[in-house]
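Number of protein chains: 2
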Amino acid sequence: MELGRRERKKQQTRQAISDVATTLFLERGFDAVTVAEVARAADVAVQTVFNHFPAKEDLFFDEPGWWAGPARAIREAPADADPVDVLEAQYLAETRDRLAVGHLATWKQFVRTIEDSPALKARRRLNADQLEVTLTEALDERSPDHLRNRLIAALYAAAQKVLEERLMAVLPDDASSAELDRAQAALEHAIAQVFAVLRRGLA
Amino acid sequence: MELGRRERKKQQTRQAISDVATTLFLERGFDAVTVAEVARAADVAVQTVFNHFPAKEDLFFDEPGWWAGPARAIREAPADADPVDVLEAQYLAETRDRLAVGHLATWKQFVRTIEDSPALKARRRLNADQLEVTLTEALDERSPDHLRNRLIAALYAAAQKVLEERLMAVLPDDASSAELDRAQAALEHAIAQVFAVLRRGLA
DNA sequence: TCCAAAAATGTAGTGACTACAACAATGGAA
DNA sequence: TTCCATTGTTGTAGTCACTACATTTTTGGA
Chain C
1 MELGRRERKK
11 QQTRQAISDV
21 ATTLFLERGF
31 DAVTVAEVAR
41 AADVAVQTVF
51 NHFPAKEDLF
61 FDEPGWWAGP
71 ARAIREAPAD
81 ADPVDVLEAQ
91 YLAETRDRLA
101 VGHLATWKQF
111 VRTIEDSPAL
121 KARRRLNADQ
131 LEVTLTEALD
141 ERSPDHLRNR
151 LIAALYAAAQ
161 KVLEERLMAV
171 LPDDASSAEL
181 DRAQAALEHA
191 IAQVFAVLRR
201 GLA
Chain H
1 MELGRRERKK
11 QQTRQAISDV
21 ATTLFLERGF
31 DAVTVAEVAR
41 AADVAVQTVF
51 NHFPAKEDLF
61 FDEPGWWAGP
71 ARAIREAPAD
81 ADPVDVLEAQ
91 YLAETRDRLA
101 VGHLATWKQF
111 VRTIEDSPAL
121 KARRRLNADQ
131 LEVTLTEALD
141 ERSPDHLRNR
151 LIAALYAAAQ
161 KVLEERLMAV
171 LPDDASSAEL
181 DRAQAALEHA
191 IAQVFAVLRR
201 GLA
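If you read the protein sequences in the order shown, they are chains C and H. Each residue of the first sequence is one higher than the last, beginning at 1 in this note's numbering. Each residue of the second sequence is one higher than the last, beginning at 1 in this note's numbering.
Bear in mind the hints are in silico, worked out from the structure with no lab data behind them. Hints are supplied without guarantee of correctness; some may be wrong.
Heads up, the list lumps identical chains together, so a pair's fine if it works in one copy or across two of them.
Stated by the list, open to error - List time: in silico BS3-like cross-link candidates among lysine-lysine, alpha-carbon distance up to 25 Å:
1. K161 with K121
2. K56 with K121
3. K56 with K108
4. K10 with K161
5. K56 with K10
With the hints as extra help, turn the sequences into a complete structure.
Here's what the structure looks like:
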């Protein structure tokens with residue numbers, strides 16, 4: 001699957017637009033930046049933006065597959081593993097990655113930008129819905145109890161939502177402080193608590 | 001709190017707009033009907049529509065307080081009652097009401113109209129979020145464990161989502177058939193199952 | 001009967017998004 | 001190298017939800 005110069009240039013344009021857009025959004029807020037401004041800053045026509053991104057929100061949520069993590073984790077897990085264990089491990093790993101040295105500040109600003117924009121919050125809910133669907137599909141491949149699978153996916157999404165709120169509330173803005181350790185410990189405790197509820201319920 | 005003729009007329013206009021809008025939406029779909037059409041059909045200016053309803057979606061979701069049910073149920077329940085029991089009873093009652101003689105067909109068309117419109121689905125998600133917030137607040141009034149309360153609310157919302165899907169999948173369109181009884185039995189079984197998971201998890 | 005508040009209207013504009021036609025860059029064939 | 005068909009880019013015109021704001025109409029009460 002070679003990419004010719006043509007396709008390469010196309011992806012380059014797309015990336016340039018996405019980058020410039022993300023920068024503007026983080027700086028000034030999603031709603032305060034117009035698509036026309038993004039186009040101007042990226043030195044392309046407004047139409048070109050919409051050629052690459054179906055909606056303004058796609059300029060912000062441009063990491064395909066972030067929401068596919070849980071479904072992938074389920075597919076890659078051994079057939080006899082408990083889904084809740086797999087999902088907890090996946091969530092824990094993802095969270096630790098977010099807390100890694102360079103990532104934390106970026107991540108918090110990202111989430112804050114979302115919280116400040118009704119449009120982005122709506123899109124995040126849609127993404128979460130999509131995650132539930134794909135996770136349910138993955139679970140259906142290993143167990144025939146569809147209602148149960150659907151419930152597991154919904155409960156996982158609920159857990160994720162609660163824990164992300166917790167994460168935003170507990171974490172300091174700078175990753176350097178010693179506070180971080182305490183916050184991280186509190187967070188992992190909360191994660192364990194929440195997933196324990198799911199595990200007990202689904203046992 | 002008397003309502004003068006003035007206020008009465010205002011509410012009357014509002015109701016007329018809402019009614020005519022709902023009719024049009026159910027007939028032709030939410031996205032296919034413009035606000036201008038609604039205004040024309042209700043014989044008012046477009047501005048008047050927006051004077052009464054902040055957004056187009058509010059024309060459709062115009063039953064204030066339907067999403068307040070769970071929080072109210074919690075507040076009205078005896079202090080020592082198990083929240084999950086209260087919520088299950090509330091959900092069961094609500095569901096049975098939906099299945100009542102005249103309501104079923106209307107309800108299904110309502111939901112189908114939502115499913116056909118990305119905008120309405122987004123708004124329904126927002127409403128569900130709002131429900132979680134108010135339910136959490138109600139739970140916080142009777143128990144100090146905020147994380148647990150937040151989790152209960154999120155799990156209830158998840159249960160509701162799963163069960164509403166189930167409801168749409170299982171129920172026939174006409175309420176007259178004998179099929180309804182079987183469907184209703186299946187549904188109530190699913191409800192019991194789902195809430196049993198929550199109860200066990202939160203025990 | 002007249003006035004002040006409030007409801008309804010009209011006008012003008014913004015911003016996301018679509019349809020579509022014209023244009024330009026490019027990869028490959030002759 | 002030249003020519004053509006493909007494809008990415010651009011510009012134009014328009015729709016629709018929604019806002020700001022000034023104007024007009026209605027209405028309850030003095």
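Point to revise | Enumerated hints in conflict with the structure, sorted upward | key: 4
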